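Visitor: These protein sequence lines are chains A and B, in that order. Here my numbering is used: the first residue of the first sequence is 1303, the next is one more, and so on. Here my numbering is used: the first residue of the second sequence is 46, the next is one more, and so on.
Treat the hints as calculated values from the structure; they're not laboratory data. Incorrect hints may appear among the rest.
[To be verified] Straight-line C-alpha distance at most 16 Å; calculated EDC-like pairs for lysine to aspartate or glutamate:
{"hint": "1", "chain 1": "A", "residue 1": "LYS1327", "chain 2": "B", "residue 2": "GLU318"}
{"hint": "2", "chain 1": "B", "residue 1": "LYS144", "chain 2": "A", "residue 2": "ASP1806"}
{"hint": "3", "chain 1": "B", "residue 1": "LYS110", "chain 2": "B", "residue 2": "GLU72"}
{"hint": "4", "chain 1": "B", "residue 1": "LYS152", "chain 2": "A", "residue 2": "ASP1554"}
{"hint": "5", "chain 1": "A", "residue 1": "LYS1327", "chain 2": "B", "residue 2": "ASP116"}
{"hint": "6", "chain 1": "B", "residue 1": "LYS385", "chain 2": "B", "residue 2": "ASP353"}
{"hint": "7", "chain 1": "B", "residue 1": "LYS152", "chain 2": "B", "residue 2": "ASP114"}
{"hint": "8", "chain 1": "B", "residue 1": "LYS65", "chain 2": "B", "residue 2": "ASP260"}
{"hint": "9", "chain 1": "A", "residue 1": "LYS1327", "chain 2": "B", "residue 2": "GLU98"}
{"hint": "10", "chain 1": "A", "residue 1": "LYS1567", "chain 2": "A", "residue 2": "ASP1554"}
{"hint": "11", "chain 1": "B", "residue 1": "LYS144", "chain 2": "B", "residue 2": "GLU101"}
{"hint": "12", "chain 1": "A", "residue 1": "LYS1327", "chain 2": "B", "residue 2": "GLU101"}
{"hint": "13", "chain 1": "B", "residue 1": "LYS144", "chain 2": "B", "residue 2": "GLU124"}
{"hint": "14", "chain 1": "A", "residue 1": "LYS1805", "chain 2": "B", "residue 2": "ASP116"}
{"hint": "15", "chain 1": "B", "residue 1": "LYS301", "chain 2": "B", "residue 2": "GLU318"}
{"hint": "16", "chain 1": "B", "residue 1": "LYS294", "chain 2": "B", "residue 2": "ASP327"}
Keep in mind that this is a model prediction, so the values were computed, not measured.
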Amino acid sequence: MSTHAQAPAALPMTKAAAEKKYPAKMPRHGNASVYRTVVIGLLAIAVLAPVGLIIYQSFLSAAFFSPRAKFGLDAYRYVFTDRNFYKALGTTAVFSFGMVAIAVPLGGLLAFLITRTDIKGKRLLEILVLVPMFISSIVLAFGYTVSVGPTGFVSLFIRGLIGFVPWNIYSLPGMILIAGLSHVPHVYLYVSSSMRNLPSDLEEAARTTGASIWQVSRDVTLPMVLPSLIFAASLNILLGFETFGIPLVLGDPNGIMVLTTYIYKLTTLFGTPTYQLMAVVAVVLILITLPLVWAQRKLLKNARKYVAMGGKGARVATLKLGRGGQVIALSIIGFWLFVSVVLPIGGITVRAFVDAWGEGVNLFAQLTFANFDHLLEVPSLVRGIINTVILSVVGGAVAVGIYLMVGLAGHRNWGASNTLLDYIVLLPRALPGLVIGLAFFWVFLFVPLLTPLRPTLISIFVAYVVVGLSYGLRLLQGTLLQVAPELEESARTTGATIGRTWKDVVIPIVRPGLAGAWALIMIIFLREYATGVYLMGAGTEVIGSLMVSLLQTGAMNTIAALSLISVVLTGAGLALALRLGAKIHD
Amino acid sequence: MTELVVNNIQKWLGGLQILKGASFTAERGSIVALLGASGSGKTTLLRCIAGLEQPEIGTIVIGGKTVLDGDKKLALPPEQRNIGLVFQSYALWPHRTVKENVGYGLKLRNVSPTDIGKRVQAILDRMGLGHLADRYPSQLSGGQQQRVAICRALVYEPRVLLLDEPLSNLDAKLREEARYWIRKLILDLQICAILVTHDQGEALAAADNILLLQDGRIVQQGGPQEIYSNPNSFYSADFLGANNIVSGKVQTVDGKSAVIGGNGWSLNGTVREAAGLGQSQDARAVIRVEQIKVSDTPATDGIEMQLDDSIYLGDRWEYRLSRGDFVVKAHGTKRMATGKVWAQIPQESIWVFSGAQK
């Protein structure tokens, strides 16, 4: 025992001694190190430049291009003495944690029902459950406004029945409830994959020792999926801090502000853009989210370790629900789907085809295409639709190409450049789309060479590529890792350089995965609304950001029509993704 | 003609040294087997030769060209080493037909398409795969995939052919055939081949020269007969063959012969490793199972032992013998009744080593 106790103390010594003896590593020739360095370097510039500019701007007393701009902490002083800032900060925290409190238990329950029980219609449910994730939250929020808002269709119907509306979605609890319900898919996604990987012999072992189904769920299943539940919770806190659409639509009318809407409102507050104040709040936001991303990364590593303990190809035995159980389980999922998909999307669909409604108005008599006719008459709206489609379809394909290049640069790579890549990819996840858009807007103003590109779609595309970086790169890296190393090594020993190997072996093998990734990136770009808010200009409108600016004018007819178009486009993208066999469950 | 020179290869992984100075040479028209238990470093050594791993110290020369020099920090990538490697999993590219898989090496060497077609067809015909040229790997059986992998590594006539456990994914009967024709092919084509295996039968049957690896070192090398019948250490003696290990104490040592014994028995053996063999020290003896003859009639040079059981193995019988704490297995052709038997063990077949664990 005494030798055992001494071992940890002795270990660092021997390790240090071993490292001393360890001869210098051989250089790796023919490993495309120039390509890797250039690509990772360019990516680092694309990600770090905007962030650097935000930090630089936050220490100035005026906009960075203004001749009056001086270094100083004035902006910080203003923000940190503003009562509204603290209020927004507090609201953001309550909002995020509240959202987690709703989304995590519900997402965990859905994951359990769909992966571990013999619930009916599993194949369909697996897809339906993810739908809210693919719809932009501004569309969802607007959908709730028109269905259960103070004068929404459902609210009016209820008032007709009982004389009053028993809820108010324009409140913090309302926002939290809606955000919580719409973030259930994010929890479901992670928890279900860890439940799928949980070998059922562990549960069966517990059953044979005499535990009941519910004891097994509590004592075996829950602890095994706990890491993924914690991960999902931390992810949702992050998403809560970055959320923009729901607080803008539901909170703003009653003056409820979170940090993102606080940034957005700073513009209108002073009449002129107060870049330095926006920058300060963005810096604060990054300082909160970056540690969260960091923690998540650690959690994910641990969660993977946990999963790796299970046998591979583990058989999943499903729990028999029985007739009563089926009814209860389907009712839970059905009710959730009704509230988080049918209510908002149904509301949008109805609203898009009516012009006026109210108490005693027969909706069927009001059906009209006028909203769409009007939409087609406004050039900027038509351009917005075309631009959105171009950005998603063409931009999505180019983005997949870029992510592939980055993915290859990091594929079986060692050393400093790989560590750098790891950290660069983390950064965009800590940045809300609104802030990334703002930062790129500044970059395109700041760098003289780039200024001519600002009024083109390229500026929005570059920002989108950074917004989608973490997700897209993870998709691509996952696909690349499926190529067995021997397939690449055998090409090398046959005489192919690393470039030839990528071209002739790696890329042809991952091609089906690339098509799926393209469809998923397309959806991400379709639903994006926050990034374009500042970047968008005449000629470069996109649907989501148009909706944000239309909200200020209250053009509800137009927003409804745009929302429906956005939902239809997303649906088409999702259908394409499923058709191409995209792994939406990864 | 020497095609491959490997000199003092040392490799670390983190703080752990996994190759500790391996050196050997290999000639054209011969097969060198790297034999060892898992973790002995044999596959790592092969991957170092292929350029898939980079050792920190050592030199490797392939076909007269230095591909690795630790002092000059020279390490050519795999594609510049002119080698062929057959992977354990075969690693055929799933998106290419057999023809395209085999022809890829020629395409990379800028051979004209008509020549590629001819050479690919010629080698496929030679291996009896001519009719499968347009199939995809997933449509082939394991044995066919293995032959395609060998075709792919051979078609561009590399200086050295490296085979990483090429037979381990075949079933037992196919394996015996494969080791025969692989040997024949390599001798016919006069190639220099390095075969990594953990299967002693494979190494003994296929190789001209066997390197036995233990813990990142080559502990013994020699021809199959040499390495089987003349082991220089307990590890070599124990690794090959089916063995009886006998533990006892040294009673007397006299040059090459030693007597070891235990509770109620003693054996005259041959000293294989003199170090650590002193009077009344622990000793271990290795006796190949096939060296023990058992008879149920008294033999003057035999040891009287107790037959505990006879076990039927199909082609032979296995006898379980004991005398005190001296317990051995032996083989014979007939069933014998349990009881008193006599075991004849030639003195030169009782290899005595020190009892200290290394």
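Visitor: Run every hint past the structure and note whether it holds.
Guide: Going down the list of hints, with the structure as the test:
For a cut-off of 16 Å, the pair hint linking LYS1327/A to GLU318/B is broken: about 38 Å separates their Cα positions. The straight-line distance between the Cα atoms of LYS144/B and ASP1806/A is roughly 15 Å, inside the 16 Å bound, and the hint therefore holds. Restraint check for LYS110/B and GLU72/B: satisfied, since their Cα atoms lie roughly 15 Å apart, inside the 16 Å limit. At roughly 65 Å between alpha-carbon atoms, LYS152/B and ASP1554/A are farther apart than 16 Å, so this suggested pair is violated.
In summary, the hint linking LYS1327/A to ASP116/B is supported, as the alpha carbons are separated by about 11 Å, within the 16 Å threshold. Of the supplied pair hints, the one linking LYS385/B and ASP353/B holds, its CA atoms being roughly 9 Å apart against a limit of 16 Å. Annotation: proposed proximity of LYS152/B to ASP114/B is violated, straight-line Cα distance about 29 Å (limit 16 Å). Of the supplied pair hints, the one linking LYS65/B and ASP260/B holds, its CA atoms being roughly 8 Å apart against a limit of 16 Å.
For a cut-off of 16 Å, the pair hint linking LYS1327/A to GLU98/B stands: about 11 Å separates their Cα positions. The suggested pairing of LYS1567/A with ASP1554/A holds, with an alpha-carbon distance near 9 Å, which does not exceed 16 Å. Distance check on the hinted pair: LYS144/B and GLU101/B sit about 38 Å apart at the alpha-carbon level, beyond 16 Å; violated. For the hint linking LYS1327/A to GLU101/B, the alpha-carbon distance of about 6 Å falls within 16 Å, and the restraint holds.
About 21 Å separates the Cα atoms of LYS144/B and GLU124/B, which puts this hinted pair outside 16 Å; it is violated. Between LYS1805/A and ASP116/B the alpha-carbon distance is near 34 Å, which puts this suggested pair outside the 16 Å criterion. Restraint check for LYS301/B and GLU318/B: the C-alpha separation of about 9 Å stays at or below 16 Å, so the hint holds. For the hint linking LYS294/B to ASP327/B, the alpha-carbon distance of about 5 Å falls within 16 Å, and the restraint holds.
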